[in-house]
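Q: Dock chain W against the given chain U, drawing on the hints supplied.
Number of protein chains: 2
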Amino acid sequence: MKPRMLTPGPTPVPEETLLDLARPVFYHRSAQMKQVLADVLDDLRYVFCTKNLVLPLTCSGTGGMEAAVVNCFAPGRKVLCAHAGRWGERWRNLCRAFGIEAVSVTAPYGQAVRPEQLAAAVAEHPDAAGVCATLSETATGVRHDIEAFGRITAPTPMLLLVDAISGLGVIPCRTDAWGVDVCVTGSQKALMLPPGLAFVSVSERAWTRIDANPPARTFYFDLKKYRDKLLDHETPFTPANTLLRALRLNLKRLRTEGIENVWARHARMAAAARAGMRALGLEIFAAQPADGLTVARVPEGLDGVALLSKLEKNYGIKLAGGQDVLKGKIIRLGHMGYIDQFDVLAALSGLELVLLEMGHGVEPGAGVAAAQRVLAEQVTGLTAAV
Amino acid sequence: MKPRMLTPGPTPVPEETLLDLARPVFYHRSAQMKQVLADVLDDLRYVFCTKNLVLPLTCSGTGGMEAAVVNCFAPGRKVLCAHAGRWGERWRNLCRAFGIEAVSVTAPYGQAVRPEQLAAAVAEHPDAAGVCATLSETATGVRHDIEAFGRITAPTPMLLLVDAISGLGVIPCRTDAWGVDVCVTGSQKALMLPPGLAFVSVSERAWTRIDANPPARTFYFDLKKYRDKLLDHETPFTPANTLLRALRLNLKRLRTEGIENVWARHARMAAAARAGMRALGLEIFAAQPADGLTVARVPEGLDGVALLSKLEKNYGIKLAGGQDVLKGKIIRLGHMGYIDQFDVLAALSGLELVLLEMGHGVEPGAGVAAAQRVLAEQVTGLTAAV
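Which chain is which? The protein sequence lines are U and W, in order. Using our numbering, read the first sequence as starting at 3 and increasing by one per residue. Using our numbering, read the second sequence as starting at 3 and increasing by one per residue.
The shape of chain U in the complex, shown without the other chains:
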C-alpha cells in the first residue's frame, strides 16, 4: 500500500531533500557551516517577510516559544495570551512556568479570538508587557487575524509574540509589516523538514526589551547568545547541522516559487478541501479557517478514532484526529508544505470510501467532484484572465 501522510505536521519531506539528509555529517565549526548559515539566514528572512535576524534553535517549536517568553518577559510581568485551542494555551502555560502572569483572552474551540476582544484587554491592562497569539491554531484549524492584532499592539509598548508554527510559509504572515515582534516556527510544517529545529525572528524593539531585561534564567534558550554568534554565521551550541543544510534546498524551493504564490497555492488547496469535506456532509469545525489544515466535525454517531484508523489501515492515508477534549470528535486534514492538491483529492476519496463503509450517507463521488470544481474554477479564472 502506498502511504500518504496528510497530517498538520510533521509533513512530508521532498524526495531530493530526503536524499540530502542522507549525506555525510559535516563539522559544525567550519567554512561549510558558515556558508549554510549565511544562505539559510538570508532565505529565512524572505520567508518570514522580515529584515531582522531569524534565529535557528535546535529544539521543537515549543522550545522556540519558550525562548521567546523567557527572553522577552521578566518574571512578575503580566502578558495577555489570546488563545482558542491547545497550542494557544501553550503560551499561557509557558508564561506561568516562568512566573509571568498570563491573562487569558479566549474564544471557544473552533472560533477565533476577535481583535475587538484583544483591544479591550489591551485597554484594560495597559501594564501588560506583551501579547502572545497563534497565527494558525493547529488544534482547531482556526486562523487568527494577526495583522489586526498588530495594529492594536503597535502603538503600545506591548510586544507581539506569534506562534506561526503551522502558519508560516502557508498563509500570509508579514512579520515586519504587521508589527510582529517575535515570530516562531518549526522545521516540520511548511518548511518541509523532519522535526528538530525551531526558528525565531526578533524585531528591533524586542531586542531593545531583551537587552534591557534582567538576565534571563536560561542558558540554552538565551537569544542573545544566538544573536551574537549568528552575526558571524556561527551558533552558540552544536546545531542540528544536517537539518540546516537540507533546509537550504527547501528554502530555495519556496523562494523560487515566490512566497505569495506559496500562500495562494495553500489557499487553493484549502478551498478544495473544505468544499470536498462539505460535499461529504461534514461540517467545517473552524469558523475562520487557516489554510494549512482543514478540520471537520466527525458526524454524530460515528467513531472518529475508528474512522481515522480505517482510513490508514485500508488506504494508507494518515490524517490526524482531535486532541484532549476534541479526541474522536474532529478529523484534521493537513495540507501544508510538500502536500499538493492531488494528495488532498486522494484523502477526500479515501475519506468518502470509509464514510460509505461506516454507513454515513454520501453520494459517491460528491467529495472529489466538489473539490475538483474548486480547482477547475481557478483554472477557468486564469484562462479567462489571459
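Errors might be hidden in some of the hints.
Pairs involving identical chains hold if they fit within one copy or between any two copies, as the list cannot separate such chains.
Below, a list of computed lysine-lysine pairs in the DSBU-like style, where the Cα atoms sit at most 35 angstroms apart [unchecked claim]:
#1 Lys36 - Lys231
#2 Lys331 - Lys315
#3 Lys312 - Lys36
#4 Lys231 - Lys80
#5 Lys231 - Lys331
#6 Lys320 - Lys226
#7 Lys329 - Lys36
#8 Lys226 - Lys329
#9 Lys36 - Lys320
#10 Lys226 - Lys254
#11 Lys226 - Lys80
#12 Lys231 - Lys315
#13 Lys312 - Lys254
#14 Lys320 - Lys254
#15 Lys80 - Lys227
#16 Lys4 - Lys36
#17 Lys227 - Lys315
#18 Lys53 - Lys226
#19 Lys4 - Lys254
#20 Lys331 - Lys312
#21 Lys227 - Lys329
In case anyone wonders, no lab produced these hints; they're calculated from the structure.
A: Frame of chain U, contents of chain W only:
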C-alpha cells in the same frame, strides 16, 4: 579527494543509518513512534548501564545539561563543579545562569580534577546539593575518574551529575554501579547520529529530589513531563523522530558488539593514536587521556591552525583544533563511534606528511609504524591467549 572526518563530534554516521535518515518522515503520535521509543529506551538503558529511564530530548548536549541542572537544583542552592576545561566550565556557567551557587574544583587544562580534591571540597561544603563533573573533557582529551567521584558522593545526599557527552559508548561509564545520578550524552558522538538529540538518565534518588524541589522555572526541559509521557512511550513535545528511528540501528549495532567490546575497541584505537602521535614527536596533552580523542600539543614554532588547514586541504582529513585559549596550540584527533583503527592510521599518515612539509623533523613512517605496533600487539596477545 576522499573526505575523512576525525573530529570529536560530530562523528561519521554509518552508511546504512544515513540511508535510514533519508526515509520518509512519519507521524510522531502513532504506533510506529511508540515502537521506536520502546526499542530505543530499552537499548539506551543497555548503553548507559542503567536500569533507569533514559530521557531523549530534542536539543544539543548543552540542553541536556541544562535540563539536569534546572530540575535537580533549586535556585539559591550550592553545587560543586569539578572542571578542567571548556566543557566542565559549562556546568559552572549553567548553574550561575539559574541562580545556583557554583563552587569550582579545578585542575589546569590538560590535567584531571583528582578525586582527593573533590573529597576535600565535599567535606568543606556539606551543604552542597550536588556535584557536576565531566567524564571525557572534549576540550583537552582528559578523562575524569567518575567511578571515584561516585564513591565520594554516594554516601552523601549530594547528587552526581555527569556530562558523558563524548565519553558514553566510548569508555567505561557504569551509570548505576558508579552512583551517577544524572548522566547526559548527545547523539553526535559515540551514538553515531547527526546532532539534534540529547539523552539524560535519572536515578531514583535524583527523581526523589526532583519531585521534592519547588516547580522548576522551565517548561521544555521539565524532566517530569518527559518521564510521565515516556512511561507510555510518548513524548511531551514533537521529537526529532527521524533521528530516534535511525538511532535504533546504531543502538542495535552497539548492543550486538557488546558494550565492553565497544570500550575495548576505543581503548585500542586510542593506544594506537597516542603511540603514533608520540612517534611523530608530538606530546600528548592530556595527563589522563580519555579514549574517544587524542589531543596533542602543536610543536613549538609551528602554526597549529595552518597545520590543520593543510591536512584538510591537501588530504581531506578533518581534525579539530583547540578552542579559546588553546586555539592553535593543540590538535584534537577524534576516534569515537564509526571511526576505526584504519581511519586513525590514515590520519596519522596525513599528519606526518603535513609535519614533514612544514619542516618538523620526523622519521618517515614512524607514526604509522608505532600505531601499527600497538595494533599488532593486540593480535599477538589474542593469538597467544588462544
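Q: If a hint holds in the structure, say so; if it doesn't, say that too.
A: Outcome of the hint check:
| no. | hint | result |
| --- | --- | --- |
| 1 | Lys36 - Lys231 | within (11 angstroms within a copy, 37 angstroms between copies) |
| 2 | Lys331 - Lys315 | within (19 angstroms within a copy, 60 angstroms between copies) |
| 3 | Lys312 - Lys36 | between (47 angstroms within a copy, 19 angstroms between copies) |
| 4 | Lys231 - Lys80 | both (30 angstroms within a copy, 30 angstroms between copies) |
| 5 | Lys231 - Lys331 | between (46 angstroms within a copy, 23 angstroms between copies) |
| 6 | Lys320 - Lys226 | between (40 angstroms within a copy, 30 angstroms between copies) |
| 7 | Lys329 - Lys36 | between (45 angstroms within a copy, 19 angstroms between copies) |
| 8 | Lys226 - Lys329 | between (40 angstroms within a copy, 24 angstroms between copies) |
| 9 | Lys36 - Lys320 | between (38 angstroms within a copy, 16 angstroms between copies) |
| 10 | Lys226 - Lys254 | within (28 angstroms within a copy, 40 angstroms between copies) |
| 11 | Lys226 - Lys80 | both (22 angstroms within a copy, 26 angstroms between copies) |
| 12 | Lys231 - Lys315 | between (48 angstroms within a copy, 26 angstroms between copies) |
| 13 | Lys312 - Lys254 | between (37 angstroms within a copy, 33 angstroms between copies) |
| 14 | Lys320 - Lys254 | both (28 angstroms within a copy, 29 angstroms between copies) |
| 15 | Lys80 - Lys227 | both (25 angstroms within a copy, 25 angstroms between copies) |
| 16 | Lys4 - Lys36 | between (39 angstroms within a copy, 22 angstroms between copies) |
| 17 | Lys227 - Lys315 | between (47 angstroms within a copy, 31 angstroms between copies) |
| 18 | Lys53 - Lys226 | within (18 angstroms within a copy, 39 angstroms between copies) |
| 19 | Lys4 - Lys254 | both (28 angstroms within a copy, 28 angstroms between copies) |
| 20 | Lys331 - Lys312 | within (16 angstroms within a copy, 63 angstroms between copies) |
| 21 | Lys227 - Lys329 | between (40 angstroms within a copy, 21 angstroms between copies) |
Comparing the model with each numbered hint stated earlier shows that all of them hold.
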